[in-house]
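Participant: Quick mapping for you: the protein sequence lines, in order, are chains A and B.
For the first sequence, our numbering gives the first residue as 734, with consecutive numbering after it.
For the second sequence, our numbering gives the first residue as -17, with consecutive numbering after it.
Some clues are possibly wrong.
[Unchecked claim] Heads up, simulated DSSO-like pairs for lysine-lysine below, C-alpha to C-alpha not over 27 Å straight-line:
{"no.": "1", "chain 1": "B", "residue 1": "K61", "chain 2": "A", "residue 2": "K957"}
{"no.": "2", "chain 1": "A", "residue 1": "K1089", "chain 2": "A", "residue 2": "K1074"}
{"no.": "3", "chain 1": "B", "residue 1": "K61", "chain 2": "A", "residue 2": "K819"}
{"no.": "4", "chain 1": "B", "residue 1": "K118", "chain 2": "A", "residue 2": "K1147"}
{"no.": "5", "chain 1": "A", "residue 1": "K830", "chain 2": "B", "residue 2": "K279"}
{"no.": "6", "chain 1": "B", "residue 1": "K189", "chain 2": "A", "residue 2": "K1147"}
{"no.": "7", "chain 1": "B", "residue 1": "K118", "chain 2": "B", "residue 2": "K279"}
{"no.": "8", "chain 1": "A", "residue 1": "K896", "chain 2": "A", "residue 2": "K879"}
{"no.": "9", "chain 1": "A", "residue 1": "K1089", "chain 2": "A", "residue 2": "K819"}
{"no.": "10", "chain 1": "A", "residue 1": "K901", "chain 2": "A", "residue 2": "K821"}
{"no.": "11", "chain 1": "A", "residue 1": "K809", "chain 2": "A", "residue 2": "K819"}
{"no.": "12", "chain 1": "A", "residue 1": "K830", "chain 2": "A", "residue 2": "K819"}
{"no.": "13", "chain 1": "A", "residue 1": "K1159", "chain 2": "B", "residue 2": "K279"}
{"no.": "14", "chain 1": "B", "residue 1": "K82", "chain 2": "A", "residue 2": "K957"}
{"no.": "15", "chain 1": "B", "residue 1": "K82", "chain 2": "A", "residue 2": "K1162"}
{"no.": "16", "chain 1": "A", "residue 1": "K819", "chain 2": "A", "residue 2": "K797"}
{"no.": "17", "chain 1": "A", "residue 1": "K853", "chain 2": "A", "residue 2": "K830"}
{"no.": "18", "chain 1": "B", "residue 1": "K61", "chain 2": "A", "residue 2": "K1159"}
{"no.": "19", "chain 1": "A", "residue 1": "K819", "chain 2": "B", "residue 2": "K118"}
{"no.": "20", "chain 1": "A", "residue 1": "K920", "chain 2": "A", "residue 2": "K1009"}
{"no.": "21", "chain 1": "B", "residue 1": "K279", "chain 2": "A", "residue 2": "K963"}
{"no.": "22", "chain 1": "A", "residue 1": "K1162", "chain 2": "B", "residue 2": "K279"}
{"no.": "23", "chain 1": "A", "residue 1": "K1028", "chain 2": "A", "residue 2": "K905"}
{"no.": "24", "chain 1": "A", "residue 1": "K1084", "chain 2": "A", "residue 2": "K1108"}
{"no.": "25", "chain 1": "A", "residue 1": "K821", "chain 2": "B", "residue 2": "K82"}
{"no.": "26", "chain 1": "A", "residue 1": "K1159", "chain 2": "B", "residue 2": "K189"}
{"no.": "27", "chain 1": "B", "residue 1": "K61", "chain 2": "A", "residue 2": "K1162"}
{"no.": "28", "chain 1": "A", "residue 1": "K963", "chain 2": "B", "residue 2": "K82"}
{"no.": "29", "chain 1": "A", "residue 1": "K773", "chain 2": "A", "residue 2": "K978"}
{"no.": "30", "chain 1": "B", "residue 1": "K189", "chain 2": "A", "residue 2": "K963"}
{"no.": "31", "chain 1": "B", "residue 1": "K279", "chain 2": "A", "residue 2": "K821"}
{"no.": "32", "chain 1": "A", "residue 1": "K978", "chain 2": "A", "residue 2": "K896"}
{"no.": "33", "chain 1": "A", "residue 1": "K830", "chain 2": "B", "residue 2": "K82"}
Please keep in mind that the hints were generated in silico from the structure rather than gathered at the bench.
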Amino acid sequence: MGTEPLSRRSFLAAAGLAGISVPVLGACGGDSDDSGGSGKKVTIEWWNIATTEPGRTLWPQAAKAYEAAHPNVQIKMTSLENDAYKSKMTAQTASGKLPDIFHTWGGGVLEQQVEAGLVKDITGGVAPWIGNLSPISVQPYQLGGKTYAVPYDIGMVGFWYNKALFAKAGIKAPPATWAELLDAVRKLKSAGVTPIALAGKEKWPGHYYWSYLAIRIGGVAALKQAAETKDFSGAPFVQAGQRLKELVDLAPFQNGFQGASYPTTDGQAAQMSNGKTAMELMGQWAPNVQKEMGKGLGDDLGFFPFPTVAGGSGAATEVFGGGGGNALSKDAPAEALDFLKFFASVENDRKRVASKAFLPIAKGAESAITDPNLKTVSQTLNNATGFQLFLDQAFPPAVGQEVNDQVAALVASKATPEQVAQAITKTAKSQ
Amino acid sequence: MAHSAFKNSAVKDSALEKRPAGKATAAGPAGGGPRGRTARRRRLVDSVTIAAFLSPAMLLFALLVLVPILYALYTSLFKWGGFGAPENFVGLENFRTLFKDEVFLGDLWRGFVLIALSVGIQLPFALSMAVLLNQKLRGRAFYRLLFFAPYVLSEVITGVLFTMIFAPDSGLADHALDLVGLGDLGITWFADSSTVLVTLFLVMTWKYFGFHMILYMAGLQSIPRDVLEAAAIDGASAWQRFRHVTLPLLGPTIRISVFLSIIGAIQLFDLVWVITAGGPVHASETMAITMFQFGFKRYQVGYASAISVVMFLICFVFALVYQRYVLRRDLEGAVTSMRGRR
Chain A
734 MGTEPLSRRS FLAAAGLAGI SVPVLGACGG DSDDSGGSGK KVTIEWWNIA
784 TTEPGRTLWP QAAKAYEAAH PNVQIKMTSL ENDAYKSKMT AQTASGKLPD
834 IFHTWGGGVL EQQVEAGLVK DITGGVAPWI GNLSPISVQP YQLGGKTYAV
884 PYDIGMVGFW YNKALFAKAG IKAPPATWAE LLDAVRKLKS AGVTPIALAG
934 KEKWPGHYYW SYLAIRIGGV AALKQAAETK DFSGAPFVQA GQRLKELVDL
984 APFQNGFQGA SYPTTDGQAA QMSNGKTAME LMGQWAPNVQ KEMGKGLGDD
1034 LGFFPFPTVA GGSGAATEVF GGGGGNALSK DAPAEALDFL KFFASVENDR
1084 KRVASKAFLP IAKGAESAIT DPNLKTVSQT LNNATGFQLF LDQAFPPAVG
1134 QEVNDQVAAL VASKATPEQV AQAITKTAKS Q
Chain B
-17 MAHSAFKNSA VKDSALEKRP AGKATAAGPA GGGPRGRTAR RRRLVDSVTI
33 AAFLSPAMLL FALLVLVPIL YALYTSLFKW GGFGAPENFV GLENFRTLFK
83 DEVFLGDLWR GFVLIALSVG IQLPFALSMA VLLNQKLRGR AFYRLLFFAP
133 YVLSEVITGV LFTMIFAPDS GLADHALDLV GLGDLGITWF ADSSTVLVTL
183 FLVMTWKYFG FHMILYMAGL QSIPRDVLEA AAIDGASAWQ RFRHVTLPLL
233 GPTIRISVFL SIIGAIQLFD LVWVITAGGP VHASETMAIT MFQFGFKRYQ
283 VGYASAISVV MFLICFVFAL VYQRYVLRRD LEGAVTSMRG RR
């Protein structure tokens, strides 16, 4: 008897598999045929992330409408899911060839592509009509005074709250300052209500708190400076950690939040949706996800901007968020820019806004908003005096991840505000 | 995952092992004259045949295993974002950083804990179940199937399932605790850094003990009845029969099962990724998770390669040492039989 042991070959295979996983990053090629000139037949390659509704319907619709009006133009669409798109674009950037029109979130990644000389400067081309768009929506794509993309969506993060639960705890008005927010948390707790839903497993929802506090304390300017000097050890960032710790010390989050996801049936969105917790800090997509993951709050759902911090230099009108836009490769045909103009037009924007999944970027599309909360968000955006793009889009991925990891440790009381600021600085400097 | 394919091949191996291994029916010593020439020619033909049949497998092996290992070794010496050619050569800097990184050192410790728990609790449990189900028992086939079933389930489904079972407050586990009056303990399972590893081990045990149980059962089947009967006639008690007859004869199976269990624990990834993604605050992070985080989330591929190289070396050295010192006796038959035939 006796089990025949593994042959040397198969154990090598097993041991070896441990090592192969990383370098086999799919470096797939792609090609775009860009024939220039107008009048004759033109094919435009358009890469986007419209894989879910309503984008999955609206994007091809817009392309078809444009093709109908311009018979010589053919738009070839490639739609990829977010993460797949990101890695494919990184490969394309490395190979030095981008599709004619490509989706961008702006910020650091777009900057890298611009520095590599792959993106068309469209400052002059959009000058006649860029004024029709809301200034905030264009901001993520303006680098060094030049415009590189046209937006189709813009949004921001803020507190979504349950009016009924706030009333139950005797909170008269949404908190406008950090002290008031802490007070509201105490009131909710003594009323037996879980104050805040947080998806601790996913980490990014937690980083909103720290980032927004830093914006309120040091202003958007502090983040801009930190991005340049790669130094996050300054007072605004340490203080952001200290303020966040005040909140964490009140134990405001749902039981077991450290294992919770965002879009699952018992995650952050569902906690809000089923009326179990009083508020969450989330982007403009929150109401949609809430509806998907639970009963939905209906008219009980309210929105208030992130509170100000006493002594902070950041104004209440500075916003933290992001959007989506389309950029052009350096040798995209003229028709591609014309299509972007068409895509950003009020008519097309109204269609997007009416789907309730997008916020207006074109002036005049605001009236298509039916939801009162989204109207508030849109107005806040329009009145914004400063804008900070999501940190994981504005900074290199390693820095964004480090922010997420460190803030998660802070929220779990496993790191001090000083340690958080130092660790992020260390990662930023190593980039 | 790597190790599941690996395990399948082991199952096949143990099924095949009935074949008498040490049949040294040697072709006889090669004498001189015409017999020697034909023997030589036959050897040549044999070698050509072997080479022809092996080359497709070897080619794939080289392409899919050797080349990536060497490439990972190469890229681990660079500070590299994963795209374009690696240019920023940093020597062993990645490794130096790695062995100062608390998360990675924690990975090693957690890997050790999981191995200790697996070998110390999971495998003995699997063995006792195997012995139990080897008795004449009503519904034996059903139980075997039942205990083996979790192994067939994919890691992702298992992960999602147990995320629901161990959901704080609303999950099945908390309801069960409520029923026995322990609801006030307020255990949050995966959501608490002090309980996450143990809870994870529970899931691993649920998932993998059936596989080891089947291995042991196969081993038990091949223990001759008469040896046990002889021991019984000599007056050995049930425990003595198990301790002094069954266990030693099961040795080779146990040694292989320990080997698979340890390699599996070192490479643990998918189950953890689905359930906790390594959290809360790295409390359930494994080497493979750290590698993935750096490789695919942070795009620090050079550093991630360094982690994969260390993982490979750990598996490799462990496998070599284990084969040399633990599996040697079991190996002898296989190796010497080949030599005898040639």
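Participant: Each hint needs a verdict: does it hold in this structure or not?
Facilitator: Checked hints:
About 26 Å separates the Cα atoms of B/K61 and A/K957, which keeps this hinted pair within 27 Å; it holds. Proposed proximity of A/K1089 and A/K1074 is supported: the alpha carbons are some 22 Å apart, at most 27 Å. Straight-line distance between C-alpha atoms of B/K61 and A/K819 comes to about 21 Å, which keeps the hinted pair within the 27 Å bound. For the hint linking B/K118 to A/K1147, the alpha-carbon distance of about 54 Å lies beyond 27 Å, and the restraint is violated.
Proximity of A/K830 to B/K279 is assessed by CA-CA distance (about 23 Å); at most 27 Å being required, the pair is judged to hold. As the CA atoms of B/K189 and A/K1147 are separated by approximately 31 Å, the hinted pair breaks the 27 Å bound. With a CA separation close to 53 Å, the supplied pair B/K118 and B/K279 exceeds the 27 Å bound. A threshold of 27 Å between alpha carbons decides the hint, and for A/K896 with A/K879 the separation of about 43 Å lies outside it, so the pair is violated.
Taken as a hint, the A/K1089 and A/K819 pair is honoured in the structure, with Cα atoms around 25 Å apart against an allowance of 27 Å. Distance check on the hinted pair: A/K901 and A/K821 sit about 49 Å apart at the alpha-carbon level, beyond 27 Å; violated. Between the alpha carbons of A/K809 and A/K819 the distance comes to roughly 19 Å, so the proposed pair stays at or under 27 Å and holds. Distance check on the hinted pair: A/K830 and A/K819 sit about 15 Å apart at the alpha-carbon level, within 27 Å; holds.
With a C-alpha separation of about 18 Å, the suggested pairing of A/K1159 with B/K279 holds against the 27 Å cut-off. Between the alpha carbons of B/K82 and A/K957 the distance comes to roughly 31 Å, so the proposed pair goes past 27 Å and is violated. For a cut-off of 27 Å, the pair hint linking B/K82 to A/K1162 stands: about 17 Å separates their Cα positions. For the hint pairing A/K819 with A/K797, the CA-to-CA distance comes to about 26 Å; that is within 27 Å, so the pair holds.
The straight-line distance between the Cα atoms of A/K853 and A/K830 is roughly 12 Å, inside the 27 Å bound, and the hint therefore holds. A hinted pair counts as satisfied when its Cα atoms are at most 27 Å apart, and B/K61 with A/K1159 qualifies at roughly 16 Å. A threshold of 27 Å between alpha carbons decides the hint, and for A/K819 with B/K118 the separation of about 58 Å lies outside it, so the pair is violated. With a C-alpha separation of about 16 Å, the suggested pair A/K920 and A/K1009 falls inside the 27 Å cut-off, and the hint holds.
Only pairs whose Cα atoms come within 27 Å are accepted, and B/K279 paired with A/K963 is accepted, the gap being roughly 20 Å. Distance restraint check for A/K1162 and B/K279: the Cα-Cα separation of roughly 18 Å lies within the 27 Å cut-off, and the hinted pair is therefore satisfied. A threshold of 27 Å between alpha carbons decides the hint, and for A/K1028 with A/K905 the separation of about 25 Å falls inside it, so the pair holds. For a cut-off of 27 Å, the pair hint linking A/K1084 to A/K1108 stands: about 16 Å separates their Cα positions.
Between A/K821 and B/K82 the CA atoms are separated by roughly 33 Å; this puts the pair beyond 27 Å, and the hint is violated. Straight-line distance between C-alpha atoms of A/K1159 and B/K189 comes to about 40 Å, which puts the hinted pair past the 27 Å bound. Annotation: proposed proximity of B/K61 to A/K1162 holds, straight-line Cα distance about 14 Å (limit 27 Å). The hinted pair formed by A/K963 and B/K82 meets the criterion: a straight-line CA distance of about 22 Å does not exceed 27 Å.
With a C-alpha separation of about 63 Å, the suggested pairing of A/K773 with A/K978 is violated against the 27 Å cut-off. Of the pairs offered as hints, the one joining B/K189 and A/K963 is violated, with about 46 Å between alpha carbons and a cut-off of 27 Å exceeded. For the given pair, B/K279 sits about 14 Å from A/K821 by alpha-carbon distance, which is consistent with the 27 Å threshold. Restraint check: the Cα-Cα separation between A/K978 and A/K896 comes to about 26 Å, which is no more than 27 Å; the hinted pair holds.
Between A/K830 and B/K82 the CA atoms are separated by roughly 39 Å; this puts the pair beyond 27 Å, and the hint is violated.
Of the numbered hints stated above, those contradicted by the structure are hints 4, 6, 7, 8, 10, 14, 19, 25, 26, 29, 30, 33, listed in ascending order.
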